[in-house]
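Let's have the full structure, built from the sequences with the hints guiding it.
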Amino acid sequence: MLGRTAGGLYWMFRQLERSENTARLIEAGMRIALTRSSDVEKEWESVVATAGQRAAYLERHERYEPTTVIDFLLRDRSNPSSVRSVIDQARANAREVRTALTREVWEATNNTWLTVSDALARPVLQRELPTVLGLIRQESAIVRGSLHGTMLRNEPYSFARIGTFVERADNTARILDVKYYVLLPSASLVGSSLDNVQWETILRSVSAQRSYRWRSAGDASARGIAEFLILDRQMPRSLIFCAKKIDNNLGHLAETHNARHDAHKQSDALHSRLAARDIDSIFDEGLHQFLQNFIASTYELGQAIETDYQFTA
Amino acid sequence: MDVRPGHFDEMHGSGTTVRAPYVDYQDWFADEDPRRLLKKSADAEALFRRTGITFNVYGGAEADERLIPFDIVPRILAASEWAVLERGMEQRVRAINAFLHDIYHRQEILRAGRIPTSVISDNEAFLPQMIGMTPPGGVYTHIVGTDIVRTGENEFYVLEDNARTPSGVSYMLENRETMLQMFPELFTKSRVRPVSEYPTDLRTSLGACAPAASGNRPTIAVLTPGIHNSAYFEHAFLADQMSVELVEGHDLSVEDGRIVMRTTRGSEPIDVLYRRVDDDFLDPLIFRSDSQLGIAGVMDVYRAGGITIANAPGTGIADDKAIYSYVPDIIDFYTGEKPLLNNVPTWRCAEPDSLAYVLDHLAELVVKEVHGSGGYGMLVGPAASKREMASFTKKLKANPSKYIAQPTLALSTVPILTRAGLAPRHVDLRPFALVSPDRIRITPGGLTRVALKRNSLVVNSSQGGGTKDTWVMET
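Protein chains in written order, with my numbering: chain A, 912 to 1224; chain B, 45 to 519.
Worth flagging that the hints you see were computed from the coordinates, not collected in a lab. The model shown is predicted, which means the values in this text are computed figures rather than measured ones. From the three backbone atoms N, C-alpha and C, an ideal C-beta is built for every residue, glycine too. Please note that a few of the clues may not be correct.
[To be verified] Just so you have them, the derived chain B footprint on chain A, three or more residues with Cβ under 8 angstroms:
| hint | stretch |
| --- | --- |
| 1 | 912-918 |
| 2 | 1015-1028 |
[Said to hold, decoys possible] Computed footprint of chain B on chain A, listed as stretches where at least three residues anywhere in the stretch have a Cβ under 8 angstroms from a Cβ of chain B:
| hint | stretch |
| --- | --- |
| 3 | 988-999 |
| 4 | 1164-1170 |
| 5 | 1215-1224 |
Below you can see the structure in the form of structure tokens.
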């Protein structure tokens, strides 16, 4: 397939994943703002930081007012990561790679664009926000469902999946990194209600508050949450899960092309580094340092994939 | 339904009876609830929107995607009517290919004095780079979309031979799909010839024109200017339907005398390039140097026989409006036959007598730019205001050779569905011909464009025209 098409698919699915992640971040932010009286601005600041848009936000706004943050993350076209922007880009990419998509995936993406653009055409009132956020997640799920249900498991599928998991790995790592201090055993006051709220926010941001409870048999701890989001092989948004999926899909490409590239080396290394770790060694290294390294490695891996598969001339 | 006086209605003739090809449809229609049909009509629009069958409009503030309105009443042609059109088109297409070969080689037709040399030498569509070059298989116009209008029971005229990069075929296919989905019962009642073979035929036909050195499964690609082009949907649609790559200029480069595309596993050579990029933008080394849409060096590869370009560069000389008026001579010169389809009588404003006539009769005539397309820059005399006529008169006097004029034809109408029931609207027809060295394939049907405004004669989608499914009956 064309390198440009591979790149289009990779970015299309990164963007769709990002729209869903941003919706989830806002949901978690709302929740904390509703359940806490003080420091609401600080929470919204960390939401913007997790989205990686602090600098862009401060160029336009001085304070982290909830309505301003929400509008910036959902609708602001000058924010290239706003839900509206990424859905626009995802749909433009889908048009560009139309021939590599099944009719179902194309129509689901086009419909997402039509529906979400319509829902975000005007500022979203607070009472409509849950519905709109739900809609964004649902639309993204429909695209993913049609991808699974209708696409051949060939090159286009692999690039779509790699894009999904590169974006997701980056997102989970950022969520953890922005809140790493509440996960540090030293800083944690055992049983403090503050930490409980913070922990729940982290889990909500990855839609995992229930699955974590199942996994930990109701026994929440900072260490447990970090382990769950970094090293749990069954948790579909954990770092190791994403790294494994990227590695598998790159493996399929290597098989089809009968060629391994730099990206394969990097991906193998990233995955085996995680597989060899336990949570104690990560805390020993320093959680923040570990997450920073992971974010940097994922970024480099993304760059290597773009070069190895000739996304651009 | 009241037919428009003085105009032939394809369903109702002159108004009293339903014409034979429409009898079955009329029976079905009479039993339908008009409200159900109006709802179906709205459903069709939603379907087009959801599937992204849109075109981009030039000149808007930002890229604007619109739907081409679709009317659910089919345009129906009897088998015998189609047979006439098919033979006539085939004859024209054959003659045009012979003309192109001649004009880029010995120019016998000029030597014989059948066409004035100036019509060729002063023409920007004539490409000197094509002189002495024979495209693989001798085919110049791989795809032709001939614009045909009707004025009576047996009166058809060719308006234009689109021999460069005719568009609209995706609407022919999607309109039929839509009709099959919405009104399956109609197709069990009436035997309509299918159009769905077109993409397979296109692939076969293009493959048959590959350079001689290509293997028996030549690699075909569709070249698009990109997602902002007005016909992008069609480019993606055709590539998808043919199962070939949709490429842009920056995906391509020249390697070892071949045009290659950049793929995830390296460079892969292309044998046939179905380009939807105009000549001007094809090769920045030869034509517009600022073009990002083409491939630097493609003309050298082409001239050395390393690739087939469809349609061949320089075919524009054959569908130019200045050449149009000579097509009957062209048919006679190369085939020795009488033209089977009429040309519209045409005054060439470059000729002083014609110009004088045109200026005297502006109110009755349609004046067109020789190099224009898309219905832009034309004057429809009977519909023009005094001011428009005055300003056009100035333009004509300043630059007469830029214009031709034709009588306003009493175009036929076909009913469309409106809130008030059926209402007659003017239509044209663009069937598509595929040319390969061994044969010419014409898909039974084509694109029917319809002027949705009452009494309007302008069917162009850029100016508020819509489309209809076109049925050619089996018997």
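Status of each hint after checking the structure:
1. Under a criterion of three residues with beta carbons nearer than 8 angstroms to beta carbons of chain B, the stated coverage of the stretch 912-918 of chain A is upheld, 6 such residues being counted.
2. For the stretch 1015-1028 of chain A, the assignment as covered by chain B holds, since 5 residues bring a beta-carbon within under 8 angstroms of that chain's beta-carbons and 3 suffice.
3. Three residues within the 8 angstroms Cβ limit are the bar, and the stretch 988-999 of chain A against chain B gives 0, so the coverage statement is violated.
4. A stretch counts as covered by a chain when three or more of its residues have a beta carbon under 8 angstroms from one of that chain; for the stretch 1164-1170 of chain A and chain B the count is 3, and the coverage holds.
5. Residues of the stretch 1215-1224 of chain A with a Cβ under 8 angstroms from some Cβ of chain B number 3, which satisfies the need for three, so the listed coverage holds.
The structure is inconsistent with hint 3 alone, although it conforms to all the rest.
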